[in-house]
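Peer 1: As a plain string of letters, each chain reads:
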Amino acid sequence: MRRYRVLSVVLMVCLLFATLAAVNAWSIRLGDIIKVGGVAFLVSQYGGQIDKFINNALGERQAAVQGATKVVPILSLGGGGYIGAAQVVGNPENVKRVKAVFQVEGNFGSVRAQVLLPMETEKGSPDRAKGVGVSAVIEFKI
Amino acid sequence: MRKSFKVPALMALGLFAVLAAAAAFSSAQVSFRSAEIDGARVAEVLIGERPVIVLHTSSAGYSPLERAEIVSNRLRSALAAQVKPEDVTIGSIPSGAALNIKGGLIVAIYKNEADAQGATPTALARLWRDKVLLALSSEAPAAPSPAQEQPKPAAGEATEQPVAEQPAQAPTDPQAKPSKAAAAEQTVDWTGSAQKWVPVFSLETQGARVGMAQIAGPTERVERVKGVYELRLAFKNIGRVYAYVPVSTLSITKLDRVQGVSVWALADIKVLGF
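Read top to bottom, the protein sequences are chains A and B.
The first sequence runs contiguously to residue 142 in the numbering used here.
The second sequence runs contiguously to residue 274 in the numbering used here.
Excised from the complex, chain A in its bound form (with noise of 0.2 Å):
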């Protein structure tokens, strides 16, 4: 009797999941979902070392920063499949609040754009960052 209800349960868990999949394929790919928790994962395990590496190395070049700094995940939107992280600045209470940064970019012949967003979630919804500047992009090999 347990057996079965746990089979029920997994089937309905499937089954849930294969329908949110179908109506949201559009827009949210298994792909998608695997880029971001990839990013997400190796900006929890190297951000920290990131940041301090991009500010040796600016500090080598004599063009570190004043102001706090700190490594997020890039959600992008576009045609570019850009996976990566970036660094933000600013000042230290400002940078604490930011959770990603959003991308917007796209490709027109060999032109390459991109818009860069630091975001925060502040009062729930996110909304833009303000007085944090975006410092460097990161782009993993994944």
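Keep in mind that a hint or two might mislead.
Said to hold, decoys possible - Beta-carbon label-pair distances, calculated as ranges:
no., chain 1, residue 1, chain 2, residue 2, range
1, A, 111, B, 62, 18 to 26 Å
2, B, 270, A, 10, 46 to 54 Å
3, B, 207, A, 7, 26 to 34 Å
4, B, 234, A, 111, 20 to 28 Å
5, A, 75, B, 122, 32 to 40 Å
6, B, 251, A, 121, 38 to 46 Å
7, B, 49, A, 115, 48 to 56 Å
8, A, 11, B, 66, 23 to 31 Å
9, B, 60, A, 11, 52 to 60 Å
10, B, 195, A, 11, 50 to 58 Å
11, A, 115, B, 234, 19 to 27 Å
12, A, 4, B, 36, 45 to 53 Å
To be verified - Distance condition first, Cα-Cα at most 27 Å in a straight line; then the derived DSSO-like pairs of lysine-lysine:
no., chain 1, residue 1, chain 2, residue 2
13, A, 52, B, 111
14, A, 99, B, 111
15, A, 130, B, 254
16, A, 130, B, 111
17, A, 130, B, 196
18, B, 254, A, 52
19, A, 52, B, 236
20, A, 99, B, 254
21, A, 99, B, 196
To be verified - Sample of chain B residues facing chain A (criterion: CB under 8 Å; computed from the structure):
no., residue
22, 117
23, 238
24, 239
25, 245
26, 255
What the hints contain is simulated information worked out from the structure, not anything from laboratory work.
Every residue gets a Cβ at the ideal spot worked out from N, C-alpha and C, and that includes glycine.
We have chain A; now place chain B onto it with these hints.
Peer 2: Frame of chain A; chain B shown alone:
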């Protein structure tokens, strides 16, 4: 006997009232409060309406709010006398940094506090020093002459605050100029909203790219930017870093970075392949 007791008591009360009034006058601009940042309770120390020190962590058994009260008391005492910008200094303490005024400790910054704010103790001390100077500057009761008045910025356009001199010092004091300029250079305001398109240059092993970058920041700093250099760095074997450096001179031998300015839009094209 009772009458002789009343007179000193009344005198003491009167003296206390006078001292309290004097203290209230001299300390009216420093306060502290509890606040919420990123869902966490923090404590802020304010000069006027400006938060100048934000404390996230407890230390030595004191909560952030208790620390803020201690810090505001120290700050209030220090600001009771005339303070010059060069009096506000950064010192080092074991495992941290300290913000001092006239050599007296205002706040100690340890690694846990700096980590909580994504900075090093020295960087955080520098930031707080700059904020104190900015707040003192804006609190200064200086009435500019018509020749000194600056044009007002357009609506929604952030401006960089002039950096502090002591409150009682006139802004035209020639002796104040060097320290004012030095303090202004140290102060970084990342909240400006002026924007400008500048050329962006990138040189990599595969070739060279040029394009345009839109930068944003305080008006005065944005105006100084002549271009953006893109540095390409390899991070281990897992990624490649593109660092954007807004510069005030287009020199290939020196990166003269303009602080407080960031890149938020880019468009480039490959012009040379190796």
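Peer 1: Hint by hint, say whether it matches the structure.
Peer 2: Hints, verified against the model:
For residue 111(A) and residue 62(B), the Cβ-Cβ distance of about 57 Å falls outside the hinted range of 18 to 26 Å, so the restraint is violated. Against the hinted window of 46 to 54 Å, the Cβ-Cβ separation of residue 270(B) and residue 10(A) comes to about 51 Å, which satisfies the hint. For the hinted restraint 26 to 34 Å between residue 207(B) and residue 7(A), the CB-CB distance of approximately 58 Å leaves it violated. At about 25 Å, the beta-carbon gap between residue 234(B) and residue 111(A) stays in the expected band of 20 to 28 Å.
About 33 Å separates the C-beta atoms of residue 75(A) and residue 122(B), a value consistent with the hinted range of 32 to 40 Å. Checked against the given bound of 38 to 46 Å, the beta carbons of residue 251(B) and residue 121(A), roughly 40 Å apart, stay inside it. Judged by the Cβ atoms, the range 48 to 56 Å given for residue 49(B) and residue 115(A) is violated: they are separated by roughly 34 Å. For residue 11(A) and residue 66(B), the hinted distance range of 23 to 31 Å is not satisfied, since their beta carbons lie about 56 Å from each other.
Checked against the hint of 52 to 60 Å, the pair residue 60(B) and residue 11(A) passes, with Cβ atoms roughly 58 Å apart. In this structure, residue 195(B) and residue 11(A) meet the distance hint of 50 to 58 Å, their C-beta atoms being roughly 54 Å apart. For residue 115(A) paired with residue 234(B), a C-beta distance near 25 Å keeps the hint of 19 to 27 Å intact. The hinted window of 45 to 53 Å between residue 4(A) and residue 36(B) holds, with their beta carbons roughly 49 Å apart.
Pair hint residue 52(A) plus residue 111(B) holds up; C-alpha atoms about 16 Å apart against a cutoff of 27 Å. Between residue 99(A) and residue 111(B) the alpha-carbon distance is near 23 Å, which keeps this suggested pair within the 27 Å criterion. Straight-line distance between C-alpha atoms of residue 130(A) and residue 254(B) comes to about 30 Å, which puts the hinted pair past the 27 Å bound. For the hint linking residue 130(A) to residue 111(B), the alpha-carbon distance of about 26 Å falls within 27 Å, and the restraint holds.
With a CA separation close to 17 Å, the supplied pair residue 130(A) and residue 196(B) stays within the 27 Å bound. At roughly 22 Å between alpha-carbon atoms, residue 254(B) and residue 52(A) fall within 27 Å of each other, so this suggested pair holds. As the CA atoms of residue 52(A) and residue 236(B) are separated by approximately 13 Å, the hinted pair is consistent with the 27 Å bound. Our distance criterion of 27 Å between C-alpha atoms is broken by residue 99(A) and residue 254(B), whose separation comes to about 33 Å.
Straight-line distance between C-alpha atoms of residue 99(A) and residue 196(B) comes to about 26 Å, which keeps the hinted pair within the 27 Å bound. A distance limit of 8 Å between C-beta atoms decides the matter here; for residue 117(B) the minimum to chain A is near 4 Å, and the interface restraint holds. Hint status for residue 238(B): holds, given a least beta-carbon distance of 6 Å to chain A, under 8 Å. Here the hint on residue 239(B) is kept, as its CB sits about 5 Å from the closest CB of chain A, short of 8 Å.
Given the 8 Å rule on beta carbons, the hint for residue 245(B) holds: about 5 Å separates it from the nearest Cβ of chain A. Contact between residue 255(B) and chain A, as hinted, is supported at the beta carbon level, the nearest pair being about 4 Å apart and thus within 8 Å.
Comparing the model with each earlier hint shows violations of hints 1, 3, 7, 8, 15, 20; every other hint is respected.
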